[in-house]
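Start from the sequences and build out the full structure, keeping to the hints where you can.
Our numbering puts the first residue of the sequence shown at 127, with every later residue one more than the last.
These are calculated hints, taken from the structure and not from any lab test.
No residue lacks a Cβ here, since even glycine has one placed at the ideal position from N, Cα and C.
One thing to keep in mind: the hints can contain errors.
[Said to hold, decoys possible] Distance ranges between label pairs, derived from CB positions:
1) R131 <-> T157: 15 to 25 Å
2) E144 <-> D166: 12 to 22 Å
3) I180 <-> D130: 15 to 25 Å
4) L146 <-> Q177: 38 to 48 Å
5) E147 <-> V178: 21 to 31 Å
6) E154 <-> K189: 37 to 47 Å
7) R161 <-> V138: 19 to 29 Å
8) N187 <-> S151: 32 to 42 Å
9) R186 <-> E144: 29 to 39 Å
10) T188 <-> G160: 39 to 49 Å
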Amino acid sequence: MSNDRVQLNVRVPKEVVEKLETIVSYYEETTPFGRVYKGDVLADIIDKSYQVMIKQKESRNTKLR
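Structural data, given as structure tokens:
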């Protein structure tokens with residue numbers, strides 16, 4: 127992943143923010159890094175989701191052949 131950063135301003139429901147804060151707290155409790163930032167957690171979640179999506183696409187393409 128590149129170190130280039132882009133600011134992303136989005137509006138999400140309050141419940142989503144509460145879930146994100148819960149996930150951030152979980153990351154802080156379970157990783158040795160200490161302070162964890164919301165942006166880093168979102169990037170991690172998106173990266174993992176993207177990897178799953180790619181694997182599913184590859185699996186689907188293999189089945190179609």
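Structure-based check of each hint:
1. Between R131 and T157 the C-beta distance comes to about 20 Å, which sits within the given range of 15 to 25 Å.
2. Against the hinted window of 12 to 22 Å, the Cβ-Cβ separation of E144 and D166 comes to about 18 Å, which satisfies the hint.
3. The supplied range of 15 to 25 Å is met by I180 and D130, whose beta-carbon atoms lie about 21 Å from each other.
4. A hinted range of 38 to 48 Å for the beta carbons of L146 and Q177 is inconsistent with their spacing of about 20 Å.
5. Here the CB-CB span from E147 to V178 is close to 23 Å, well matched to the stated 21 to 31 Å.
6. Remark: the range hint 37 to 47 Å for E154 to K189 is upheld by a beta-carbon distance near 40 Å.
7. One distance hint, 19 to 29 Å for the beta-carbon pair R161 and V138, holds here, with the actual separation near 22 Å.
8. Restraint check, N187 to S151: a C-beta distance of roughly 38 Å satisfies the suggested window 32 to 42 Å.
9. In this structure, R186 and E144 meet the distance hint of 29 to 39 Å, their C-beta atoms being roughly 34 Å apart.
10. In this structure the supplied range 39 to 49 Å holds for T188 paired with G160, their Cβ-Cβ distance being about 42 Å.
In summary, the structure is inconsistent with hint 4 from the numbered list given earlier, while agreeing with all the others.
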